[in-house]
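Visitor: Read top to bottom, the protein sequences are chains G and W. Letter 193 of the first sequence, counting from 1, is numbered 279 in this note's numbering, and no numbers are missing. Letter 61 of the second sequence, counting from 1, is numbered 68 in this note's numbering, and no numbers are missing.
Hints were generated in silico from the structure; no laboratory data involved. Treat the hints with care, as some may be off.
Said to hold, decoys possible - Computed footprint of chain G on chain W; a stretch qualifies when at least three of its residues, placed anywhere within it, have a C-beta under 8 Å from a C-beta of chain G:
#, segment
1, 55-67
2, 70-84
3, 88-97
These numbers come from a predicted model, not from an experiment. We treat Cβ as the ideally placed atom computed from N, Cα and C, and that holds for glycine.
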Amino acid sequence: MSRSDVLVDAAWVEAHQGDPGIVLVEVDEDTSAYDKGHIRGAVKIDWKQDLQDPVRRDFVDKAGFEALLSKRGISNDDTVVLYGGNNNWFAAYAYWYFKLYGHHNVKLLDGGRKKWELDSRELVTEVPERAAAHYTAQEQDSSIRAFRDEVVAAIGAKNLIDVRSPDEFAGRLLAPAHLPQEQAQRGGHVPTAKNVPWSKAAEEDGTFKSDDALQALYAEAGVDFGTDTIAYCRIGERSAHTWFVFHELLGQQNVKNYDGSWTEYGSLVGVPIELGDGA
Amino acid sequence: MSGTQAVADGCGAPADSALVTEAGNQAVVQGTVTQAGAPVSTGYARLLNSGGEFVAEVPLGSDGAFQFFAAPGDWTLRVLAPGGIRAEQGVTAAIGKISRVDVVV
């Protein structure tokens, strides 16, 4: 796995956006962004409506994922190129889903919607019509998804990377600073977790930093690349961004995203919590 | 634009909606970005802490507006917009207060 297998740039998208077998997908929490303008030919996936279970706190199951992709006209052998707002948080989260359900050929547009917009590239409102497909997903790949008991067991034993902002890590904020702060849960972080905010892996325009810069970033934070790693944030999308860095860009094995993240951990009864800025 | 109660369980870009008019128990930072008197509707507002570290980012609303729910303290607001536009302004946030920071680029 190398960077060119998993990341494409704007020039690549412009050269291939009409090619058969290439499907552009915009993934956002705020899908009004897509409605106002998107890359020509891109279909949309709504992070909440399409990717979350409407009843249980979990994400869409295998049958639901199959139905979603079939409806969007995505086939098993298509190359899926994901992009979105928030520096690709939700696109990275969707990327992780595609991998969980066994889709081989999936890539991220480096810089996502932000770089595309800042570079004043074409956005259209025309929604493409794609014929429905018949998508078959694999069983979930549990090697890239962590559950809460595994996180508790990883305290002091594995790399735990908390990718939220320093104020959230320390317990001073319970949500990112562009959201209201009320939450029925405790603040803080999983003991022994290192705080490496997702944003440190990205340039200001949303593109990923170089492999060398990324290696140096995590090494400096005390991450042991010889040990298994679990990344978490608040609801699992920022940590999907960091999972992408570790697993897809740096080629690390045994890297999991804990999608329950702080909204689950910080509400559990009896688990240890550490406050403050950490060591 | 701006975060509202309705999106409090998400981490992402909030829905396009009015800015809050009451701070409640939040430390609100909000403002608009304009160029020659007109709102800049394509662009991003980034909130940096007193050490210059990135903390949060939102896309500008169609009216050039942005909003953050910060912790109390001093912050830097940085605006990025197409055409290589960058602008910065300092702002101090406090609980129970809406701190305005209007940026002209």
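Visitor: Determine for every hint whether it applies to the structure shown.
Guide: Evaluated hints:
no.: 1; hint: 55-67; in the structure: holds (count 8)
no.: 2; hint: 70-84; in the structure: holds (count 5)
no.: 3; hint: 88-97; in the structure: holds (count 3)
Every hint, counting from the list given before, is met by this structure.
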